[in-house]
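Keeping their order, the protein sequence lines are chains E and H.
Residue numbers for the first sequence follow numbering that gives the first Met the number 0, beginning at 0 and rising by one.
Residue numbers for the second sequence follow numbering that gives the first Met the number 0, beginning at 0 and rising by one.
There could be a bad hint or two in this list.
For the chain H half of the interface with chain E, some residues (derived, Cβ under 10 Å), not all of them [what the hints assert, rightly or not]: (1) N65; (2) R73; (3) P117; (4) A122; (5) N190; (6) R191; (7) R192; (8) W455.
The hints are simulated quantities; they were obtained by calculation from the structure and are not laboratory data.
Quick reminder that beta carbons are idealized off the backbone N, C-alpha and C, glycines included.
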Amino acid sequence: MALKIVDACVNCWACEPLCPNGAIHAARPHFLIDAGMCTECAGDHADPQCAEICPVEGAILDANNEPTNPPGSLTGIPPAVWAAALAATAVGSSR
Amino acid sequence: MALHVSELPEHPPAGGCSAGRCGTDPARLAALPEDMRRRVENHPCYSEDAHRHFARMHAAVAPACNIQCNYCNRKYDCANESRPGVVSEVLTPEQAVRKTLAVAAAIPQLSVLGIAGPGDPLANPERTFATFRLLAEKAPDIKLCVSTNGLTLPEHVDELARHNIEHVTITINCIDPEIGAEIYPWIFWRNRRVRGRAAAAILIEQQQKGLEKLVERGILVKINSVMIPGVNDEHLKAVSRTVKAKGAFLHNVMPLISDAAHGTLYGVMGQRAPTADELARLQDACAGDMQMMRHCRQCRADAVGLLGEDRGDEFTMEKIAAIEVDHAAALARRTAFRAQVAAEREAPRSIVETVATAVQPLVFHRPAKAAAGRAVLIAVASKGGGMVNEHFGHAREFLIYEVSAGGARLVERRAVDIYCRGSEQCDEETNALSRTIRVLQGCEAVLCAKIGIEPWGRLEAAGIVPNGEHGMEKIEDAVMAVWRGLLTTGQLGRATDGRLERRISA
Ligand code: SF4
Ligand code: SF4
Chain E
0 MALKIVDACV NCWACEPLCP NGAIHAARPH FLIDAGMCTE CAGDHADPQC AEICPVEGAI
60 LDANNEPTNP PGSLTGIPPA VWAAALAATA VGSSR
Chain H
0 MALHVSELPE HPPAGGCSAG RCGTDPARLA ALPEDMRRRV ENHPCYSEDA HRHFARMHAA
60 VAPACNIQCN YCNRKYDCAN ESRPGVVSEV LTPEQAVRKT LAVAAAIPQL SVLGIAGPGD
120 PLANPERTFA TFRLLAEKAP DIKLCVSTNG LTLPEHVDEL ARHNIEHVTI TINCIDPEIG
180 AEIYPWIFWR NRRVRGRAAA AILIEQQQKG LEKLVERGIL VKINSVMIPG VNDEHLKAVS
240 RTVKAKGAFL HNVMPLISDA AHGTLYGVMG QRAPTADELA RLQDACAGDM QMMRHCRQCR
300 ADAVGLLGED RGDEFTMEKI AAIEVDHAAA LARRTAFRAQ VAAEREAPRS IVETVATAVQ
360 PLVFHRPAKA AAGRAVLIAV ASKGGGMVNE HFGHAREFLI YEVSAGGARL VERRAVDIYC
420 RGSEQCDEET NALSRTIRVL QGCEAVLCAK IGIEPWGRLE AAGIVPNGEH GMEKIEDAVM
480 AVWRGLLTTG QLGRATDGRL ERRISA
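Pulled out of the complex, with its shape left as it was, chain E reads as follows (with noise of 0.2 Å):
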């Protein structure tokens, strides 16, 4: 049982600091949990914390691979309006 983090990741350091078991590293092109150290944070606190701090949707994933923050979870964007705005503007290409 452990958490993956993928390239989503923008390597925003939050979810370093809070792991029980030191078992994130910040690592390039994006930061990794090594699953033999990650328990899910079962024993030290009721939500894995990585998943609870991480800003980006589908940067980590839950031991079946689906994301533990879905599409629209965190921005509160529907996915609909958020693909729309993809396919209309390039999103981020401003800079």
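Mind docking chain H with the ligands on chain E? Use the hints.
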């Protein structure tokens, strides 16, 4: 202490301009308690005078954040709180101190190091405080400041005081959890993600508690608010009253910056930004309650330089590695520079002091009697140095001067939406021009070094007089000349002041 400011007698608006526009002008500074004035007068972000003489830099050592705002996308630079995105270069405390020392050696004006992001400094307390500790050892003359969302502020006030931090900025967008729920979708609190109204209630309580504790400790507190039309615009008047009553020194209302391309909830859902007019009206309304800061540039959290300029590219970690710094010599240069500025400012200030104590402080810039001709807003395109020296089409911001018979005063800076520049949707010149003209709303003239024929015509059509005749002149002289021109051509109402009329006809 800050209440002294608002206890000053209100002076009726003279010549159509409101007394509240005075912001942190010298007369108001002179009216502050000595101790607070000393702290404010060298701080580029607080004092309208200081921002011309002193430079600040921000170091991006704090990547993590503990709340989500609807105007921020953690992936990209936050346009509203001016944070670089987490994709920008995040520094370790050691790197940040190296960089600060290199900048302080190259720019003797440097007086402030701020930590504002890319996340929240107090969500990264070890990194933030390590930076302050290391810097204080090598350059104790540099002032330190912090910008925070306030969520963990109360528990850090003691440590902030220990590090001699004189200034803290809290971003407070609301004091009502119902409104807060529309601005903040969640916070991370006591090991859990908390959402909605409950989240906003906790955040608000912590912000207010933090503000109170800072004031108790004698730390100057500035409040930043982002004006979000239809969400918190009216409410910010109540925010202004509340934070003033609790002793905040300054309230800075900034416009929402919203663009679908930023990938924020507000951007994608089409939440609009306020117009320059709406912003100015709200700032006026809040200014009746307390000091407002109108020269804020929403500078980036990793900015380097005088307010409004960014010399960050000169100080990348790579370039810094090659710089050898003699810290003692650099400190001596900074000390000498400050002594020189202090001497230059001493003379005018004693005049201000005399006027401020003898007469009403707020009327310093204004003629005692009704002014000859209205006060008008005049925009100036400037690259800096106090000169009219920027091409209209290259201006990334305009300095807005309020000009009347009593003189010219910088009241505001308006940024042209640089965030859009270069993206496919925005490259049509006409669109850029329309945006610029919207930014200039409320101004009656715009001064620049040069201007093309098309913008000239469009500005005239919008009722703004373009003027390229004062290129390379000092701004104050140029705007006064243009104001007098408007007066003589009868555009400012009847002149009643004989002295002024004589000067114009001479
Ligand atoms: S779930 Fe808990 S133990 Fe696993 S990586 Fe995240 S914080 Fe660490
Ligand atoms: S909190 Fe999320 S985005 Fe930030 S470093 Fe951890 S996994 Fe990446």
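Against the structure, the hints come out as follows:
Among the interface hints, the one on N65 (chain H) holds; its C-beta lies about 7 Å from the nearest C-beta in chain E, closer than the 10 Å criterion. Look at R73 (chain H): its Cβ gets to within about 4 Å of chain E, closer than 10 Å, so that hint holds up. For the restraint placing P117 (chain H) at the interface with chain E, the shortest Cβ-Cβ distance is roughly 8 Å, inside the 10 Å limit, so the hint holds. Because the beta carbon of A122 (chain H) sits about 7 Å from the nearest beta carbon in chain E, less than 10 Å, this interface hint is met.
The criterion of a C-beta within 10 Å of any C-beta in chain E is met by N190 (chain H), whose closest approach is roughly 5 Å, and the hint holds. The criterion of a C-beta within 10 Å of any C-beta in chain E is met by R191 (chain H), whose closest approach is roughly 6 Å, and the hint holds. Of the supplied interface hints, the one on R192 (chain H) holds, with its beta-carbon coming within about 5 Å of a beta-carbon of chain E, less than 10 Å. Because the smallest distance between the Cβ of W455 (chain H) and any Cβ of chain E comes to about 28 Å, over 10 Å, the interface hint for this residue is violated.
Hint compliance for this structure: hint 8 is the single one not met.
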